[in-house]
Amino acid sequence: MPGPTRGFLGRRARDPRLPPGQYDVGRDWPVLTAEPTPRIAPETWSITVDGKVETPTTWTWDEAHALPPSEYRGDIHCVTTWSKFDTQFGGVSVDTLLEAARPTAEAHFVMATSKTGYTTNLPLEHVTGGKAWVVWEFDGKPLPIEHGGPVRLLVPHLYFWKSAKWISRLTLLTRDQQGFWEQNGYHDLGDPWRQQRYQGD
Amino acid sequence: MSEGLGLGGPEAPRGGWRTATVSRVRRPIQRSVELRLDVHDRIDHMAGQHYVVRLTAEDGYTAQRSYSVASAPGDPLVELFVERLDDGEVSTYLADVVEPGDELEVRGPIGGWFVWDGDTPALLVAGGFGVVPFVGMIRHARALGRLDLLRVVVSSRTLAELPYADELMDAGALVILTREAHGIRPAGRLTAPDLLPLWEPGQTAYVCGSASFAEAASQLLVGMGFPADGVRVERFGPTGALA
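Chains as they are written, first to last, in the working numbering: chain A, 1 to 201; chain B, 1001 to 1243.
Careful, some of the hints might be misleading.
What the hints assert, rightly or not - What the simulated footprint calls covered on chain B by chain A, stretch by stretch (three residues with Cβ under 8 angstroms from a Cβ of chain A suffice, anywhere in the stretch; the number is not a length): (1) 1034-1041; (2) 1167-1177; (3) 1182-1195.
As the list claims (entries may be wrong) - Residues from chain A that face chain B, not an exhaustive set, calculated with beta carbons under 7 angstroms: (4) Thr5; (5) Arg6; (6) Gly7; (7) Leu9; (8) Gly21; (9) Pro103; (10) Asn184.
Said to hold, decoys possible - If you want the ones that stay clear, here's a sample from chain A, every Cβ over 12 angstroms from chain B, calculated: (11) Pro30; (12) Arg39; (13) Thr44; (14) Glu63; (15) Asp75; (16) Val79; (17) Thr96; (18) Thr128; (19) Glu146; (20) Thr174; (21) Leu189; (22) Trp193; (23) Gln195.
Bear in mind the hints are in silico, worked out from the structure with no lab data behind them.
Bear in mind that the values here come from a model prediction, so they are computed numbers and not experimental data.
Using N, Cα and C, we set each Cβ at its ideal position, and we do this for glycine too.
I would like the entire structure built from these sequences, with the hints used as guidance.
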């Protein structure tokens, strides 16, 4: 690590909720996507859990909404260095989906796939135990399409590119495979508290 | 996009943290700064990639932001063009404080998606400071003698606010101004009839600009029939630059 940058003071008030290298974006919620925003009608949306599971299962919009609801209240962190505090998302816990599909003993990783073909990879233990959701509400209202509506994945303890927008499939895998940004140089896990932004961090 | 996921990915060069010496500082347009950096032990980038700049305070506090590269891979220096945001922690430092001879900590090149290989036809659509990665692509195309591969359209509020305006027009860019007339074109937003004559078979479209510009421009492309999986988008908000 080199020394300080000449003349750089930095912001003084540091919120302990901010991981290193992040800043508080306030009320904004930047939209960042590598592809055109798709238009997905809730009637045509579904989510499938497949791969290394005993019972591959698909839920329609209505079926997913009939599952026990679950919500997340807390912070989210984007690798581009903004963090957003006190968010509130509503949907269903990934645990609930996995209970129905029943991962086999060989399942160790998850590939999340969007309706657009976007993919991102996660270790299974990072989407179980109340750490991940499939969400369709933000602040009590339908999740806006530019933020991944009608339904996105939410894995708030990891950088936000792991929270795939327009989620349609969770595929359980024995071995890790890289998703879209991961193939393009971003980290396989993406823990903001360890600043795992790029491969090799 | 599923078929194209890996395109340009694994092959894109990737560099770690480096020290860069600031070689030149210019402010050709208001509320911005152009920095020419001598990056020690640099790994050549691909046109469209970006660098991260990290600033460290005396107490160890750090702040970092990503900036697209405006220089061609063959340029001995790395050129960044940074919009000065009034509440920007890093951009205000770069625009107001940095002088030639300063050392900056940088990391790059980064990004394997929003890159142009120098070999395939591309339609480049930029709003405002979104032109920066496209300047890198244009300079690269010029160096290769393949400017014919690129079709460029840029949108800005006024000509005076458009970075690299002369260089873009020299490269044949269609310039759309939303707040003033330009030539025979009255002030107005980018439309599908602007884009249609620039659309050619086999192109990849690259769209770069604010979130609202990128959304509008990519929807125009998809709406006129451009395949959605051939559109690569890079958005930056008033605050951010990926996810």
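Hints, verified against the model:
Counting residues of the segment 1034-1041 of chain B whose beta-carbon sits less than 8 angstroms from any beta-carbon of chain A gives 0, not enough to reach three: the coverage restraint is violated. Check on the segment 1167-1177 of chain B: 0 of its residues sit with their Cβ under 8 angstroms from a Cβ of chain A, so the three-residue criterion for coverage is violated. Residue count for the segment 1182-1195 of chain B with a Cβ under 8 angstroms from a Cβ of chain A: 0. That is fewer than the three needed, and the coverage hint is violated. Satisfaction of the interface hint for Thr5(A) is found here, the shortest Cβ-Cβ separation to chain B being roughly 4 angstroms, below the 7 angstroms cut-off.
The criterion of a C-beta within 7 angstroms of any C-beta in chain B is met by Arg6(A), whose closest approach is roughly 6 angstroms, and the hint holds. Proximity of Gly7(A) to chain B holds as hinted, the smallest CB-CB distance being about 5 angstroms (cut-off 7 angstroms). Interface restraint check: Leu9(A) against chain B, minimum CB-CB distance 6 angstroms, threshold 7 angstroms, status holds. For Gly21(A), the interface hint holds, the least distance from its beta-carbon to any beta-carbon of chain B being 5 angstroms, beneath 7 angstroms.
Nearest Cβ of chain B to the Cβ of Pro103(A): about 24 angstroms, over the 7 angstroms cut. The hint is violated. Because the beta carbon of Asn184(A) sits about 4 angstroms from the nearest beta carbon in chain B, less than 7 angstroms, this interface hint is met. Non-interface status of Pro30(A) relative to chain B is broken: a Cβ of that chain comes within 12 angstroms, the nearest being about 4 angstroms off. Against chain B, the non-interface label of Arg39(A) is violated: not every CB pair exceeds 12 angstroms, the least being about 9 angstroms.
Consistency note on Thr44(A): stated as away from chain B, and its beta-carbon is indeed over 12 angstroms from all of that chain's, at 16 angstroms minimum. Every CB of chain B lies more than 12 angstroms from the CB of Glu63(A), the least distance being 25 angstroms, so the non-interface label holds. Every CB of chain B is more than 12 angstroms from the CB of Asp75(A) (nearest about 15 angstroms), matching its label as outside the interface. Not every beta carbon of chain B lies more than 12 angstroms from that of Val79(A), the smallest distance being close to 6 angstroms; the non-interface claim is violated.
The Cβ of Thr96(A) lies farther than 12 angstroms from every Cβ of chain B, with a closest approach of about 25 angstroms, so its non-interface assignment holds. Remark: the non-interface label on Thr128(A) is consistent with the geometry, its nearest Cβ contact in chain B lying 22 angstroms away (cut-off 12 angstroms). Not every beta carbon of chain B lies more than 12 angstroms from that of Glu146(A), the smallest distance being close to 7 angstroms; the non-interface claim is violated. The beta carbon of Thr174(A) is kept farther than 12 angstroms from every beta carbon of chain B, the shortest such distance being approximately 21 angstroms.
With a closest Cβ-Cβ approach of about 15 angstroms to chain B, Leu189(A) is found to remain outside the 12 angstroms limit, as its non-interface label requires. At the 12 angstroms boundary, the C-beta of Trp193(A) stays outside the reach of chain B, the nearest C-beta of that chain being 14 angstroms off. A cut-off of 12 angstroms between C-beta atoms contradicts the statement that Gln195(A) is not in contact with chain B; the least separation is 9 angstroms.
Hints 1, 2, 3, 9, 11, 12, 16, 19, 23, counting from the list given before, are not met by this structure.
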